[in-house]
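Colleague: Sequence:
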Amino acid sequence: MLNLTEEAKLSLDELMKVLAASHSAFHSTAALVKMLKAAGFNDYTATGITKMEPGMRGFITQNKSALMAFRIGEKPLENGFKIVGAHTDSPTLRIKPNPIIEREGCLLLNTEVYGGPILNTWFDRPLSLAGRIVYRKDGKLRDELIDLVDPLLILPNLAIHMNRKVNEGEPIIRQKMLLPVIALADSVEDFGRTVNNFGNVAGTDADVPASKQQNKLNKLKLIETICAAKLGCPSEDIIDYDLYVYDIQPPCVVGLNHELLSSPRLDNVAMSFAAVSSLIKSTSATATCVAFASDNEEVGSRSRQGAASMFCRDMLESLFLASGGDRLGFLNCLNNSFLISADQAHAVHPHYPEVADPVNHPRINHGPVIKLAANLSYATDAGSAAVFKELCRQAEAPFQYFVNHSDRPGGSTIGPISTAYLHCPTVDIGNAIWGMHSVRETGGVADTYILIKILRNFYSNNGII
-3 MLNLTEEAKL SLDELMKVLA ASHSAFHSTA ALVKMLKAAG FNDYTATGIT
47 KMEPGMRGFI TQNKSALMAF RIGEKPLENG FKIVGAHTDS PTLRIKPNPI
97 IEREGCLLLN TEVYGGPILN TWFDRPLSLA GRIVYRKDGK LRDELIDLVD
147 PLLILPNLAI HMNRKVNEGE PIIRQKMLLP VIALADSVED FGRTVNNFGN
197 VAGTDADVPA SKQQNKLNKL KLIETICAAK LGCPSEDIID YDLYVYDIQP
247 PCVVGLNHEL LSSPRLDNVA MSFAAVSSLI KSTSATATCV AFASDNEEVG
297 SRSRQGAASM FCRDMLESLF LASGGDRLGF LNCLNNSFLI SADQAHAVHP
347 HYPEVADPVN HPRINHGPVI KLAANLSYAT DAGSAAVFKE LCRQAEAPFQ
397 YFVNHSDRPG GSTIGPISTA YLHCPTVDIG NAIWGMHSVR ETGGVADTYI
447 LIKILRNFYS NNGII
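Residues in the sequence shown are numbered consecutively from -3, following this note's numbering.
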């Protein structure tokens, strides 16, 4: 493998485990929560934030798909928060209500596109479903995360013999072509045993509860039946769901020197992991430090769990008031705060160097990328960039720049949204990757640990900000 320290190797292993578990924004958040709990952070989601004292560590989740973790510092909060922001969601396909479509002897799932995925990368690979189920239990509505794990779905391509222009940029008609096959229609007659398998129960159809036997032939309720068996409840108790398609292949290291990381959801689970890992591993208790992982960035952030909501600002104010401050002090605190918006960046591509800026060519495994845009699609300015560069210098870490090719507008991040709500200086950064929004993206094995070193310095440093 590339010459990594033992600490860097451990960090890479932990990142790959989190990526492998993050099959939806819900599961990404759950993986981050697991990290925080293992490190001794308390969950304040149910109780809310009340009295806070220096040294206290905790987190709050929103919608089970976003979170804010914090550590109260010894300095008065008027000195400001140190915040690292990222997001938990990634482009994918979402299952529509009443999704079963029967066509040419096949059962298909009706989907719609979430975010901006590279659609052709989803074809001809085993897929599954994960998300959240809302169901009835003891007369009350409950919700629970669900991951069907098994390779249930596939999006088959049309053979080149029947589509000679497939390699010439043929458009993908979403409503026609993005309907994954879940079963052959006549095989549903034997679905009783399949239900058994999902419920981890051995035996014949005679062992299946009557409620499940009644549902095994109901093709239109196939998803509810599978999910009910997974949860161990009658299918009629499934009320609704937020289900998303994912690639079942786990992350892996590739390249002659094992220098590249191939994985789903590098954008942006890897940055959420870096934020939380840095908060856990930072040693100084001087400043009040925050890791914020929002949801729905890929579709504009306009949700109660998104960066365009008041979730982060309200939680920061709660921390400030619970530490003995007042409203006026909180407003001053925001002006003294600093935000690092961490979202993946585009590495220069060996096949398409012409689409990059002619001078600024971010490369994989060469450290984090400072992102800058004249149209303010990134929040970086000279002052915030200087702060980040100084953090890199102190951590003895490299950095790079990304700016868009002047004839190719790029994307955006939570940076501009968050800085408008929080009124604090913000720098947009990320690690360089290829194939952003592909079902599998490619990054560097060294870059996440390099960033964690810098973010740990940010949280622990007492002089720059």
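Hints in this document: simulated from the structure, not taken from any laboratory. Computed from a predicted model, the values in this text were never measured in an experiment. Please note that the accuracy of each hint is not assured.
[Unchecked claim] Computed list of lysine-lysine pairs in DSBU-like fashion (alpha-carbon distance at most 35 Å, straight line):
id	residue 1	residue 2
1	Lys33	Lys92
2	Lys277	Lys385
3	Lys277	Lys215
4	Lys13	Lys161
5	Lys133	Lys217
6	Lys136	Lys161
7	Lys30	Lys277
8	Lys92	Lys161
9	Lys277	Lys217
10	Lys5	Lys30
11	Lys30	Lys217
12	Lys47	Lys71
13	Lys226	Lys92
14	Lys92	Lys47
15	Lys161	Lys33
16	Lys215	Lys47
17	Lys217	Lys136
18	Lys385	Lys71
19	Lys215	Lys172
[As the list claims (entries may be wrong)] Restraint-style ranges between C-beta atoms, simulated for each label pair:
id	residue 1	residue 2	range
20	Asn106	Lys30	29 to 35 Å
21	Arg404	Arg359	14 to 20 Å
22	Thr43	Asp120	43 to 49 Å
23	Asp146	Leu0	53 to 59 Å
In this text, a Cβ means the ideal position worked out from N, Cα and C, and glycines have one as well.
Colleague: All hints, please: hold or fail.
Modeller: Okay, the hints, checked on the actual structure:
no.: 1; hint: Lys33 x Lys92; in the structure: holds (34 Å)
no.: 2; hint: Lys277 x Lys385; in the structure: holds (21 Å)
no.: 3; hint: Lys277 x Lys215; in the structure: violated (50 Å)
no.: 4; hint: Lys13 x Lys161; in the structure: violated (39 Å)
no.: 5; hint: Lys133 x Lys217; in the structure: holds (19 Å)
no.: 6; hint: Lys136 x Lys161; in the structure: violated (53 Å)
no.: 7; hint: Lys30 x Lys277; in the structure: holds (15 Å)
no.: 8; hint: Lys92 x Lys161; in the structure: holds (30 Å)
no.: 9; hint: Lys277 x Lys217; in the structure: violated (46 Å)
no.: 10; hint: Lys5 x Lys30; in the structure: holds (20 Å)
no.: 11; hint: Lys30 x Lys217; in the structure: holds (33 Å)
no.: 12; hint: Lys47 x Lys71; in the structure: holds (16 Å)
no.: 13; hint: Lys226 x Lys92; in the structure: holds (20 Å)
no.: 14; hint: Lys92 x Lys47; in the structure: violated (43 Å)
no.: 15; hint: Lys161 x Lys33; in the structure: violated (52 Å)
no.: 16; hint: Lys215 x Lys47; in the structure: violated (53 Å)
no.: 17; hint: Lys217 x Lys136; in the structure: holds (22 Å)
no.: 18; hint: Lys385 x Lys71; in the structure: holds (24 Å)
no.: 19; hint: Lys215 x Lys172; in the structure: holds (20 Å)
no.: 20; hint: Asn106 x Lys30: 29 to 35 Å; in the structure: holds (33 Å)
no.: 21; hint: Arg404 x Arg359: 14 to 20 Å; in the structure: holds (19 Å)
no.: 22; hint: Thr43 x Asp120: 43 to 49 Å; in the structure: holds (48 Å)
no.: 23; hint: Asp146 x Leu0: 53 to 59 Å; in the structure: violated (34 Å)
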